[in-house]
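Chemist: What follows is the residue order along each chain.
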Amino acid sequence: MSANTKNIFFLGKGGVGKSTSSALTALYLSNLGKDVLLVSMDPAHNQSDIFEIQLSEKPVKLKDNLIAKEIDINFWIKKYLNDVESQIKHSYSYLTALNLENYFGIIKYSPGIEEYALISAYNEITESFQEKDYIIFDMPPTALTLKFFGLPKLSLLWLDKLLDLRNEIIKKREIITKVKFGTKEIERDKIINKLNKQISSYEKIKKEFEDKDKTKINLVLNPDKLSFSESGLIVKKLREFDLYIGNIIVNKYFPEFSVDQIEKNFNHTGMQLFPISEKPLLGINELQKYIGSVSFENYSI
Amino acid sequence: MSIFSKILSKIKSGWKYYDNAAKEKAVDVMEYELSEMENIFGLLVLGAFIGLPSPPMQITLDLIPEMEKHFIQMLHKVDTAESPISDLVSIFDVG
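Taken in order, these protein sequences are the chains called B and W. The first sequence begins at 1 in the working numbering and counts up one residue at a time. The second sequence begins at 1 in the working numbering and counts up one residue at a time.
If you are wondering where the hints come from, they were derived from the structure by calculation, not from laboratory data. No residue lacks a Cβ here, since even glycine has one placed at the ideal position from N, Cα and C. Keep in mind that a hint or two might mislead.
Claimed, not checked - DMTMM-like mimics (lysine to aspartate or glutamate), calculated; alpha carbons at most 25 Å apart, straight line:
| hint | chain 1 | residue 1 | chain 2 | residue 2 |
| --- | --- | --- | --- | --- |
| 1 | B | 204 | W | 31 |
| 2 | B | 153 | W | 66 |
| 3 | B | 171 | W | 28 |
| 4 | B | 180 | W | 33 |
| 5 | B | 172 | W | 66 |
| 6 | B | 178 | W | 19 |
| 7 | B | 236 | W | 36 |
| 8 | B | 108 | W | 33 |
| 9 | B | 161 | W | 31 |
| 10 | B | 197 | W | 19 |
| 11 | W | 69 | B | 85 |
| 12 | B | 289 | W | 68 |
| 13 | B | 171 | W | 33 |
| 14 | B | 171 | W | 31 |
| 15 | B | 190 | W | 19 |
| 16 | B | 197 | W | 68 |
| 17 | B | 180 | W | 19 |
| 18 | B | 194 | W | 28 |
| 19 | B | 190 | W | 68 |
| 20 | W | 25 | B | 168 |
| 21 | B | 252 | W | 68 |
| 22 | B | 161 | W | 19 |
| 23 | B | 190 | W | 31 |
| 24 | W | 69 | B | 168 |
| 25 | W | 69 | B | 83 |
| 26 | B | 194 | W | 19 |
| 27 | B | 178 | W | 36 |
| 28 | B | 194 | W | 31 |
| 29 | B | 180 | W | 36 |
| 30 | B | 204 | B | 242 |
| 31 | B | 61 | W | 66 |
| 32 | B | 178 | W | 31 |
What the hints assert, rightly or not - Okay, the calculated bits of chain W under chain B, using three or more residues with CB under 8 Å as the criterion:
| hint | stretch |
| --- | --- |
| 33 | 5-15 |
| 34 | 23-32 |
| 35 | 55-68 |
For reference, chain B alone in the conformation it holds in the complex:
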């Protein structure tokens, strides 16, 4: 992944305007001459409606310096499971593979598969679009987004324990081989290779998420109580994963609302305000007009 590409994630309670805020940010940055990719990770896929252009897995040009794509979670789940299934068929005996086939039908509904599909998509996108200045991710609803951010840390906890046990197994196997055959040479353990590969992959992602210069996590909220309380939960959960909010975006802001409450609640100074719009923000022209009327002075991107 390019060291210069910055990743910006937009998260928040459902309906607060994550998609609109990410669309405005993508347009604003491209207007500044930055090369931007906007990615809709939300299964609801509002970006197609906002830009009034049908988006898909294949990137679509919205204007100079700005392309956008939608992630189809089911496509990524299917792709991943097909890969695993073909590896099993390749390395297993016929009968065992046949037994496992019965399980594969239901694995796609297993907890954890959706966030892994998102992580796979994230990996592929950040690898494929290294030339971009910014990659902007419009994230799914809170529950799935938090699982996405928590997956590297949770996986590393498991992988470290499994690696410890695997190392003990290998040590024991070495002793047995030495006593039996007088030599320490044993076959390279394929499982330990795979564990190490997974560990380095998750460490890389975790490091990227934690790097405040590389990754900005933007919390979008509305000036209302429900949005406040869910945002508080998001901030708390992210801290558990050693992640912190880069910007707070107050969408549908109105002048009577005092931002002091947010500063106090979230211990965060300086925020981006997106005032409530009289017209619906649909289509690139309306979005551009709105950008012209908004100050981006406090936006740290």
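Chain B is already provided as a structure; the job is to place chain W on it using the hints.
Modeler: Showing chain W alone in chain B's frame:
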């Protein structure tokens, strides 16, 4: 060859035989331990298939192609799960 040398040679071969037998016994126990450790590893990774808490699914799925032996062992263990003592006794050659 003198009688003394013959006796020494008999003692040496007897010792060698005893040493090999002891080593084999020790290795048998260690191999049992190893197979139990592999079984625990298998259960930790593949537990989802028999209703045990398991790591995030992608860890299991990533390792599964290399774990046919564990998978078979886990299913085999289901057969012997009801008589773990007899399994252990056969390893230590009791009775």
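Chemist: Determine for every hint whether it applies to the structure shown.
Modeler: Do the hints match the structure? See the list:
At roughly 37 Å between alpha-carbon atoms, residue 204(B) and residue 31(W) are farther apart than 25 Å, so this suggested pair is violated. Distance check on the hinted pair: residue 153(B) and residue 66(W) sit about 24 Å apart at the alpha-carbon level, within 25 Å; holds. For a cut-off of 25 Å, the pair hint linking residue 171(B) to residue 28(W) stands: about 16 Å separates their Cα positions. Simply put, residue 180(B) and residue 33(W) have alpha-carbon atoms about 16 Å apart, close enough for the 25 Å limit, and the pair holds.
Note on residue 172(B) and residue 66(W): the hinted pairing holds, with a Cα-Cα distance of about 19 Å set against a maximum of 25 Å. For the given pair, residue 178(B) sits about 15 Å from residue 19(W) by alpha-carbon distance, which is consistent with the 25 Å threshold. Of the supplied pair hints, the one linking residue 236(B) and residue 36(W) is violated, its CA atoms being roughly 41 Å apart against a limit of 25 Å. For the suggested pair residue 108(B) and residue 33(W), the alpha carbons sit about 35 Å apart, so the restraint of at most 25 Å is broken.
Restraint check for residue 161(B) and residue 31(W): satisfied, since their Cα atoms lie roughly 22 Å apart, inside the 25 Å limit. The suggested pairing of residue 197(B) with residue 19(W) is violated, with an alpha-carbon distance near 42 Å, which exceeds 25 Å. Distance restraint check for residue 69(W) and residue 85(B): the Cα-Cα separation of roughly 17 Å lies within the 25 Å cut-off, and the hinted pair is therefore satisfied. A C-alpha spacing of about 60 Å is found between residue 289(B) and residue 68(W), which places the hinted pair above 25 Å, so the restraint is violated.
The straight-line distance between the Cα atoms of residue 171(B) and residue 33(W) is roughly 12 Å, inside the 25 Å bound, and the hint therefore holds. Restraint check: the Cα-Cα separation between residue 171(B) and residue 31(W) comes to about 12 Å, which is no more than 25 Å; the hinted pair holds. Among the hinted pairs, residue 190(B) with residue 19(W) is inconsistent with the structure: their alpha-carbon atoms are about 34 Å apart, more than 25 Å. In summary, the hint linking residue 197(B) to residue 68(W) is supported, as the alpha carbons are separated by about 20 Å, within the 25 Å threshold.
Between residue 180(B) and residue 19(W) the CA atoms are separated by roughly 12 Å; this keeps the pair inside 25 Å, and the hint holds. Between residue 194(B) and residue 28(W) the CA atoms are separated by roughly 29 Å; this puts the pair beyond 25 Å, and the hint is violated. The straight-line distance between the Cα atoms of residue 190(B) and residue 68(W) is roughly 12 Å, inside the 25 Å bound, and the hint therefore holds. For a cut-off of 25 Å, the pair hint linking residue 25(W) to residue 168(B) stands: about 21 Å separates their Cα positions.
A hinted pair counts as satisfied when its Cα atoms are at most 25 Å apart, and residue 252(B) with residue 68(W) does not qualify at roughly 56 Å. Between the alpha carbons of residue 161(B) and residue 19(W) the distance comes to roughly 37 Å, so the proposed pair goes past 25 Å and is violated. With a C-alpha separation of about 20 Å, the suggested pair residue 190(B) and residue 31(W) falls inside the 25 Å cut-off, and the hint holds. For the hint linking residue 69(W) to residue 168(B), the alpha-carbon distance of about 18 Å falls within 25 Å, and the restraint holds.
At roughly 20 Å between alpha-carbon atoms, residue 69(W) and residue 83(B) fall within 25 Å of each other, so this suggested pair holds. Simply put, residue 194(B) and residue 19(W) have alpha-carbon atoms about 39 Å apart, too far for the 25 Å limit, and the pair is violated. For the given pair, residue 178(B) sits about 20 Å from residue 36(W) by alpha-carbon distance, which is consistent with the 25 Å threshold. Taken as a hint, the residue 194(B) and residue 31(W) pair is honoured in the structure, with Cα atoms around 24 Å apart against an allowance of 25 Å.
A distance of roughly 19 Å separates the Cα atoms of residue 180(B) and residue 36(W); the hinted pair therefore holds under the 25 Å criterion. Distance restraint check for residue 204(B) and residue 242(B): the Cα-Cα separation of roughly 14 Å lies within the 25 Å cut-off, and the hinted pair is therefore satisfied. Simply put, residue 61(B) and residue 66(W) have alpha-carbon atoms about 42 Å apart, too far for the 25 Å limit, and the pair is violated. The hinted pair formed by residue 178(B) and residue 31(W) meets the criterion: a straight-line CA distance of about 13 Å does not exceed 25 Å.
For the stretch 5-15 of chain W, the assignment as covered by chain B is violated, since 0 residues bring a beta-carbon within under 8 Å of that chain's beta-carbons and 3 are needed. Coverage of a stretch by a chain is defined here by at least three residues with a beta carbon nearer than 8 Å to that chain's beta carbons; for the stretch 23-32 of chain W and chain B the count is 5, and the condition holds. Given a C-beta distance limit of less than 8 Å, the hint that chain B covers the stretch 55-68 of chain W holds, as 13 residues qualify and 3 suffice.
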